[in-house]
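Colleague: Chain order of the listed sequences is L and G.
Each residue of the first sequence is one higher than the last, beginning at 0 in numbering that gives the first Met the number 0.
Each residue of the second sequence is one higher than the last, beginning at 0 in numbering that gives the first Met the number 0.
These aren't lab readings, by the way, just hints derived from the structure by calculation.
It should be emphasised that the depicted structure is a prediction, and the values quoted were computed from it without experimental measurement.
Glycine included, every Cβ here is placed at the ideal spot set by N, Cα and C.
The reader is advised that the hints may include incorrect statements.
Computed footprint of chain L on chain G; a stretch qualifies when at least three of its residues, placed anywhere within it, have a C-beta under 8 Å from a C-beta of chain L [claimed, not checked]:
(1) 209-217
(2) 340-347
(3) 350-360
(4) 396-407
What follows is a set of in silico ranges between Cβ atoms, one per label pair, in the way DEER data are often shown [claimed, not checked]:
(5) G:D319 x L:D60: 48 to 58 Å
(6) G:I417 x L:E5: 41 to 51 Å
(7) L:A4 x G:T379: 30 to 40 Å
(8) G:N228 x L:N43: 26 to 36 Å
(9) L:G63 x G:N228: 33 to 43 Å
(10) G:D414 x L:R113: 17 to 27 Å
(11) G:I318 x L:V10: 19 to 29 Å
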Amino acid sequence: MSSAAEARFRVQAPNSLPRAIKVIALDQAAEAMVRQIASAGWSNTKFFTAGDRSGRGRLADLAGHETELTGEIADADLVVLVAAPGGRAEAAGAIGQACSDRRVMTTGFIVGARGAAEVELSKTLAQIRPWSLMVVISNHDDYISDMMIALRA
Amino acid sequence: MLRKEQNELLTQTAPGTPMGRLFRCYWIPALLGDELPENDCPPVRVKLLSERLIAFRDTNGRYGLMDEFCAHRGVSLWFGRNEQCGLRCPYHGWKYDVSGQCLEVPSEPEESGFAKKVKLRSYPLVERGGILWTYMGPPEAQPPLPEWEFIMVGPSHRFTSKRLQESNWLQAMEGGIDSSHVSFLHRGDLDSDPLFKGAKGNQYNLSDPRPVFEVVESPGGLHIGARRNAEEGRYYWRITQWVMPSFTLIPPRGNHSVHGHFWIPIDDENCWTWSFDYHPTRELAAAEVAAMRDGKGIHVRTAPGTFRPVANKDNDYLIDRAAQKAGRTFSGVEGIGMQDASLQESMGPVVDRSKENLVSTDNGIIMARHRLLRAVKAFTDKGALPPGVDLAHQKVRSAAVVLPPDVPFTEGARDALIARLETAPASI
Numbered sequence: 000m001s002s003a004a005e006a007r008f009r010v011q012a013p014n015s016l017p018r019a020i021k022v023i024a025l026d027q028a029a030e031a032m033v034r035q036i037a038s039a040g041w042s043n044t045k046f047f048t049a050g051d052r053s054g055r056g057r058l059a060d061l062a063g064h065e066t067e068l069t070g071e072i073a074d075a076d077l078v079v080l081v082a083a084p085g086g087r088a089e090a091a092g093a094i095g096q097a098c099s100d101r102r103v104m105t106t107g108f109i110v111g112a113r114g115a116a117e118v119e120l121s122k123t124l125a126q127i128r129p130w131s132l133m134v135v136i137s138n139h140d141d142y143i144s145d146m147m148i149a150l151r152a
Numbered sequence: 000m001l002r003k004e005q006n007e008l009l010t011q012t013a014p015g016t017p018m019g020r021l022f023r024c025y026w027i028p029a030l031l032g033d034e035l036p037e038n039d040c041p042p043v044r045v046k047l048l049s050e051r052l053i054a055f056r057d058t059n060g061r062y063g064l065m066d067e068f069c070a071h072r073g074v075s076l077w078f079g080r081n082e083q084c085g086l087r088c089p090y091h092g093w094k095y096d097v098s099g100q101c102l103e104v105p106s107e108p109e110e111s112g113f114a115k116k117v118k119l120r121s122y123p124l125v126e127r128g129g130i131l132w133t134y135m136g137p138p139e140a141q142p143p144l145p146e147w148e149f150i151m152v153g154p155s156h157r158f159t160s161k162r163l164q165e166s167n168w169l170q171a172m173e174g175g176i177d178s179s180h181v182s183f184l185h186r187g188d189l190d191s192d193p194l195f196k197g198a199k200g201n202q203y204n205l206s207d208p209r210p211v212f213e214v215v216e217s218p219g220g221l222h223i224g225a226r227r228n229a230e231e232g233r234y235y236w237r238i239t240q241w242v243m244p245s246f247t248l249i250p251p252r253g254n255h256s257v258h259g260h261f262w263i264p265i266d267d268e269n270c271w272t273w274s275f276d277y278h279p280t281r282e283l284a285a286a287e288v289a290a291m292r293d294g295k296g297i298h299v300r301t302a303p304g305t306f307r308p309v310a311n312k313d314n315d316y317l318i319d320r321a322a323q324k325a326g327r328t329f330s331g332v333e334g335i336g337m338q339d340a341s342l343q344e345s346m347g348p349v350v351d352r353s354k355e356n357l358v359s360t361d362n363g364i365i366m367a368r369h370r371l372l373r374a375v376k377a378f379t380d381k382g383a384l385p386p387g388v389d390l391a392h393q394k395v396r397s398a399a400v401v402l403p404p405d406v407p408f409t410e411g412a413r414d415a416l417i418a419r420l421e422t423a424p425a426s427i
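Work out the full structure, taking the sequences as your base and the hints as a guide.
Modeller: This is how it looks when you write it as structure tokens:
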């Protein structure tokens, strides 16, 4: 039943609905990368920056319009936190807590890690790890896009 | 999800394909040394990367790996006579040496020199660490011989087996870096398998069934860390190595041996699963080797005289629904190796990745595909040597360690992730 000939009898109907993904830049270096990724155009993904707003329960979209953190988290299937080594990733705590409260899956990305000092990487990890159910440390800027395609963003 | 053309690019390894050219950058395991046990022993058919080849060991102990079929009328040289430093086709007596050079064409006058004009495609075949390795790429680009730690230790420190897997290499390899399946599929084996049980690390596994994963790029591939809670706020890390294109090293448990795999394409719908155990600082005990031969740990019992598992798709992998129901095994299939193989083969020979629904914990798989695609493109466009060819990329170890909470595991376990002969692995 697992032969190549049998493969043509597999049901061809769609087997999933689109997922809602929210990508949040936690610091300036991450924001530049997130803006670049967003420019490719995605049907099921929204992009935000956090900065100091998350402490007030707010995010901002890439045009600078503020929005409620809890509202954005509520309809998310996955929240992706993006930070650079040594950046200000304090917002991870408030966002992560909101995701935890609503049982939303989180992935933490540390980008531009190649050549980063251990102390900087540790600092960012300390902020990201408690709130990420998956952490990815990538040397290549295009990985996030590939991951989002893989997740059907 | 992968688009259809990406899936085809990564899964097709025949000559001339992009991934086939990439695989041909590496020394790959071709046969167990035991398959050619003595000079002038019977030749062995072997298919690798969609090429049908014949392996033999000549009168002087030289190994040969060449086109399986006689240049005259296409007879399989598996029927050949291995005699006097050459393999002779039994049909009309054409004879070849280990380089594929035809030495004799009995029907033609020797003085005609016709035999010199006939040569079968051949590849080097070299014994190292009990394995016969081949390199199937262009001779001018042949890299140095492999130096994986498991083949550099003494024969009494290692055990290697291979088995046929009836699926494409990529879905088999992806199983090796899919750390999140262990908590389900293999949950019944940690405390019962003689090659795993008794390690303190098992308690961390069993007391924290929801590990958190971290994926970090390494020079040769990936470090995949699975993190669980340990005492005093620290983390227990199990760090798997993946080195391109298809080598994985599983973290050890206690003083048990370290184990890992190679997945080598036979053709696009079958692969060899190579499984090895080794210990850098001690010999394997007779009981351990006996358990490995009996299909324990990551090894599998195969039908006598073949490399096909006793449990296979024709007998539904001997699934035991009572054992499944009672929780003795999670899937009903016995043995870690066959638990993996049965599910991977059930996907079909080449899984349609355009229909899959990956989730965040699949980032190890996503990242591996990302790196493979990058490497294929860099090699195809610019001739860039892919990761994993460099001997430094092969000198890696998996590790099981406890670290403070904010330490990058690649820093905290930096020394533990490098293979240094005759030093103990980091294991709990």
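Colleague: Hint by hint, note whether the structure agrees.
Modeller: Hints versus structure:
1. 209-217: With 6 residues in contact (Cβ-Cβ under 8 Å with chain L), the coverage given for the stretch 209-217 of chain G holds.
2. 340-347: Since 4 is at least three, the answer is holds.
3. 350-360: Held - the stretch 350-360 of chain G has 7 residues with a Cβ nearer than 8 Å to chain L, which meets the minimum of three.
4. 396-407: Per the Cβ count (4), the hint holds.
5. G:D319 x L:D60: 48 to 58 Å: Taking Cβ atoms as reference, D319 (chain G) and D60 (chain L) lie about 55 Å apart, which means the hint holds.
6. G:I417 x L:E5: 41 to 51 Å: holds (46 Å)
7. L:A4 x G:T379: 30 to 40 Å: Cβ of A4 (chain L) to Cβ of T379 (chain G): about 32 Å, so the range 30 to 40 Å holds.
8. G:N228 x L:N43: 26 to 36 Å: Given range 26 to 36 Å: holds, Cβ gap about 34 Å.
9. L:G63 x G:N228: 33 to 43 Å: Since the Cβ atoms of G63 (chain L) and N228 (chain G) sit about 40 Å apart, the hinted range of 33 to 43 Å holds.
10. G:D414 x L:R113: 17 to 27 Å: Given about 21 Å between the Cβ atoms, the range holds.
11. G:I318 x L:V10: 19 to 29 Å: holds (23 Å)
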